[in-house]
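Peer 1: Listed below are the residues making up each chain.
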Amino acid sequence: MNILSLLVLIPLLTIAGILFLKDTRKTRLVSAIGMGIQLIVAAVLVFMYLSERKAGNMDEMLFVRSFEWFGSLNIYYTVGVDGISVAMIALTAIVVIAGIFASWQVDNLTREFFISLILLSSGVFGFFISLDLFTMFLFYEVAVIPMYLLIGIWGSGPKEYSAMKLTLMLMGGSALLLVGILGIYINSAPGGGELSFNILEISKIQIPIEAQRLFFPLTFVGFGVLGALFPFHTWSPDGHASAPTAVSMLHAGVLMKLGGYGAFRVAMFLMPEAADEMAWIFIILTSISVVYGAFGAIVQKDLKYINAYSSVSHCGLVLFAILMMNKTAMTGAILQMISHGLMTALFFALIGMIYGRTHTRLIHEMGGLMKVIPFLGVVYVIAGLASLGLPGLSGFVAEMTIFFGAFEHTDPFHRIATLVAVSSIVITAVYILRVVGTLLLGPIKNDHFNHLQDATWFERISTITLVVAVAAIGVAPYWLSTMIGDSMLPIVNKLLTANPF
Amino acid sequence: MTTDFGYTILIPLIPLLMFLLLGLAGNQLKARLSGLLGTIGLGIVFVLSYYTAYKYFFATEKIAGAFSKISAFDMVWLRFSESLHINMGILLDPISVMMLVVISTVSFMVHIYSLGYMKGEVGFERFYAFLSLFSFSMLGLVLANNIFQMYIFWELVGVSSFLLIGFYYQRPTAVLASKKAFIVTRFADLGFLIGILLLSFNTGTFDFNILCDPQGAAIATGSGAAFLGLSVMTWSLIFVFMGGAGKSAMFPLHIWLPDAMEGPTPVSALIHAATMVVAGVYLVARLFPVYIISAPDALVVVAYIGAFSSIFAAVIACTQTDIKRVLAYSTMSQIGLMMVGLGVSGYGGHDGLGYMASMFHLFTHAMFKALLFLGAGAIIHAVHSNHMTEMGGLRKYLPITHITFLIACLTIAGIPPFSAFFSKDEILVAAWHHDKFIFAVEYIVAGLTAFYMFRLYFNIFWGKETHYHHKPHEAPAVMTIPLIFLAFLSVFSGFIPFSKLVTTDGIPFEGHIDWSLALPSVFIGLVGIIIAMVMYKKETSLPDKMAATFKHGYKWAFNKFYVDELYMFVTKRIIFAYISTPVAWFDRHVVDGTMNGISWLTNAFSFRIREFQSGQLQKYGFVFITGALLLTFLMVYLWT
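Line by line, the protein sequences give chains A and B. So in numbering that gives the first Met the number 0 the end of the first sequence lands on 500, straight run, no missing numbers. So in numbering that gives the first Met the number 0 the end of the second sequence lands on 639, straight run, no missing numbers.
To be clear, the hints were calculated from the coordinates, so they are not data collected in a lab. There may be inaccurate statements among the hints.
Derived lysine-lysine pairs resembling BS3-like cross-links, with alpha carbons at most 27 Å apart [claimed, not checked]:
1. A:LYS493 x A:LYS53
2. B:LYS544 x B:LYS618
3. A:LYS370 x B:LYS118
4. A:LYS444 x B:LYS571
5. A:LYS300 x B:LYS571
6. B:LYS395 x B:LYS499
7. B:LYS554 x B:LYS537
8. A:LYS370 x B:LYS536
9. A:LYS370 x A:LYS300
10. B:LYS559 x B:LYS571
11. A:LYS158 x A:LYS53
12. B:LYS571 x B:LYS463
Keep in mind that this is a model prediction, so the values were computed, not measured.
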């Protein structure tokens with residue numbers, strides 16, 4: 000059995016296991032065990048990957064397996080990973096297990112909740128291991144659709160509206176994406192011969208530039224919707240505000256990363272010439288979204304809205320870095336995805352836990368919580384510091400790699416765009432400190448808060464897992480950055496053929 | 000070489016371990032024990048630092064008559080590209096070794112002092128954890144062997160300062176002050192970061208050894224293209240200085256420092272007087288060869304910002320009544336003086352007098368200013384107030400504090416043979432030879448300094464005795480011993496032959512006192528003291544009369560020239576009201592509105608066309624037949 004297929008299989012087996020259970024306690028136990036095994040498998044995968052590389056295997060993708068699936072259309076189930084996908088898989092496994100523990104107290108339709116959640120995660124894992132565009136798209140849809148149920152059923156506030164909005168906008172993105180992928184497929188053999196969905200094979204040929212000009216923007220925007228590309232990000236504040244805790248965690252932590260990952264693995268990698276031509280448009284859009292999201296976050300009143308806007312800003316930085324098309328910046332983009340994934344999951348977990356206690360998410364109704372729930376308070380401060388890019392935590396490493404990568408361009412356009420993006424570090428500090436100051440510090444605003452309980456054991460597991468990951472990357476970024484950077488080489492070389500700047 | 004100093008890695012590591020220990024397990028430990036642990040940790044650092052200083056200055060061979068730069072530790076931390084990578088390392092050279100002594104001394108004293116001062120406070124172990132974090136970051140900052148490592152620790156220092164200013168986190172003013180400090184310095188750090196970006200892409204390296212080599216390629220190739228008449232190198236160094244100005248509270252980025260006095264007083268002594276706030280000076284000194292050789296214009300900026308800040312702060316200090324705020328402005332003024340020292344310095348041998356003097360003053364200032372703050376802490380501890388109007392006649396009650404405070408005041412006023420006389424005098428000499436205008440400014444500052452310090456002194460220890468709720472009593476020994484030790488250093492550190500130890504190129508030179516400049520500066524110091532004595536030693540109506548005469552000037556100075564109000568206007572009005580709120584509105588109503596509009600249109604459209612799916616056979620039949628007829632008609636028509 001291929002280890003990669005195991006990553007899709009374990010969630011499915013866990014779901015099967017849950018189906019046989021009636022009792023909620025066992026449901027969450029089985030979920031936790033299943034996803035715990037998944038985390039171990041992911042760790043083994045990282046280890047296997049590194050030892051394989053160390054042994055001198057320089058293939059672009061490792062552990063490649065391919066099965067014919069739909070022969071007449073050349074659709075294959077092809078899997079394989081490089082350092083980038085391995086890193087994303089590890090991120091997903093961590094966020095999923097943290098998400099399971101954060102939803103320990105879901106008591107309404109528990110089984111269905113965990114089934115949807117795990118189904119979603121299996122889609123995400125499948126997406127990251129796929130090398131076949133069609134299979135990738137399939138997994139993408141598997142990841143997106145359960146979201147509708149999760150928000151619509153277990154959400155809060157105007158949940159039907161939010162669920163509908165989120166799903167429709169993402170489906171709109173999928174529609175563009177599908178056209179883009181089919182366009183790539185049809186043009187995958189410009190010299191005649193067998194058409195292909197295989198990313199590696201397509202990357203070896205050059206798609207005609209006319210086709211690229213048409214299909215690059217479709218694919219990029221299609222993925223960009225999920226990656227919160229301005230102005231297609233508006234599903235995010237509403238969606239997150241209504242989603243239950245674990246769903247927000249998974250969505251912002253992992254699902255939004257599918258957008259960034261796809262944008263560079265499919266759109267940029269396969270259509271570099273058009274990417275090079277059109278990058279400026281998207282660079283403008285993304286540098287806008289970096290500062291725009293941050294400014295938007297300053298005046299929000301709801302914790303989840305603040306975090307949603309902050310995600311727009313941070314994910315904008317991901318796409319911004321991808322468009323810089325050099326090794327440093329793109330490595331930074333992947334690091335930023337991982338870093339943002341971890342810390343935003345942490346934020347949403349904490350927001351859920353705080354909301355569960357205070358029954359409000361409006362910051363001005365809270366105050367002085369540090370005194371009563373010191374554990375959650377301290378973790379919130381750590382998450383905030385990671386978000387504003389404090390050295391020693393993951394955000395700093397990612398942001399600096401991006402800024403230095405982007406600054407490798409010497410022309411004024413790229414440099415000015417970079418300076419605009421860099422200025423976000425100050426704005427981020429403003430909104431993070433505003434939240435921390437209002438929410439946690441100062442005198443206690445409401446007498447009811449005096450009786451709040453600090454974190455339970457499962458909440459501690461959930462948050463500590465994420466904090467450890469954030470700190471580990473921040474303190475020792477070298478191996479991760481190297482693992483990603485080495486895998487970035489073939490991609491950058493392909494991009495360089497388009498623009499040897 | 001390297002192996003000899005390998006143990007120096009322990010100097011930053013011990014406080015880091017203490018931080019982790021106290022931070023993670025502090026609430027399980029007894030408060031007293033965690034305080035002691037932190038103090039012992041710093042005690043070891045203190046010993047190691049002095050040992051390192053001894054070994055470096057006196058037991059290590061010089062290369063070509065100059066103190067060598069020793070790399071005691073080096074490893075790659077993160078790689079951006081083949082050539083550009085961030086290292087974590089330890090660089091020992093005269094200024095970093097000197098800073099080790101400064102930091103470990105003050106930090107150790109503050110650790111001891113806080114055992115008494117913070118006794119019984121909630122969060123005692125948290126306080127010691129943060130102190131350890133700060134010590135770790137500050138030591139990492141001065142030992143950094145590349146500019147990016149320095150930036151990393153620079154940020155960590157900033158966050159420790161944030162945590163310590165906001166130590167009393169339930170007090171809204173403390174929360175606001177910590178937020179302000181962080182955001183203002185963060186803004187300055189943005190400049191620092193941009194400076195590093197420009198500098199590193201211009202020279203291709205972060206490494207101080209390559210960057211600061213006066214014969215090196217980095218400095219030579221650095222000055223290239225021009226923008227607004229200044230070279231890229233000049234711009235990058237001005238940006239780097241912006242970071243330094245933020246941390247060192249130079250005008251106009253100084254507004255956080257007075258508010259930072261909300262933190263516990265030992266913190267003010269350590270961070271906001273002796274160590275962190277001089278990081279900006281250290282930064283410029285660290286990059287001094289680059290400044291002087293490839294960007295002398297940037298050095299002019301340093302000198303003028305420093306000079307302006309020093310007189311600006313000195314004027315404000317004369318009007319404040321909160322003793323910690325007086326000291327805060329005094330710090331700002333003295334740091335300005337250090338910046339002037341660097342700004343007027345040349346390179347090599349006796350030309351580098353200003354540089355040497357600036358480092359010298361940094362050293363002496365750290366000692367006497369820490370002493371002043373700790374003394375202020377003892378006073379506040381005794382009378383439970385920060386305001387000098389609520390004090391008076393304390394010399395009877397606090398004899399040790401009184402004497403040590405007086406020593407510190409005489410030192411800062413530049414009275415020989417106290418230490419600052421020597422260091423300040425040499426800055427004035429360097430200024431005299433370089434720029435007469437700056438000299439004149441600093442000369443006035445010297446007078447003002449003596450005046451406001453003795454205004455403080457006489458108000459607290461002499462003057463009319465206020466009615467105290469309970470009799471003020473001298474601080475416990477654990478607090479007075481650090482005072483005595485620092486007073487000792489304030490008196491005698493002036494005799495350290497700095498020109499033999501810390502110079503621009505590492506080669507010692509012969510320093511001597513220029514009495515033709517020293518005497519007038521002593522004179523103006525005495526004038527300041529005498530004026531203060533006349534006005535404040537006995538209660539008179541003179542101060543009020545003076546304030547009334549210079550009503551407008553006094554009001555402006557008392558309100559700190561309304562710089563805070565200006566900042567509030569910019570942030571609240573412009574950023575919040577005119578940027579953020581519109582952005583949020585735009586996002587909700589225009590961008591999101593468009594999306595909702597699309598869905599509304601789709602909805603409305605389907606509402607219209609749903610008639611077609613009504614389920615009524617008659618209608619379907621009607622449409623079918625009409626359509627068929629229409630098609631037939633069209634086909635026939637088109638065919639013919």
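Peer 1: Which hint numbers doesn't this structure obey?
Peer 2: Hints 2, 6, 8, 11 and 12 are the ones this structure does not satisfy, whereas the remaining hints hold.
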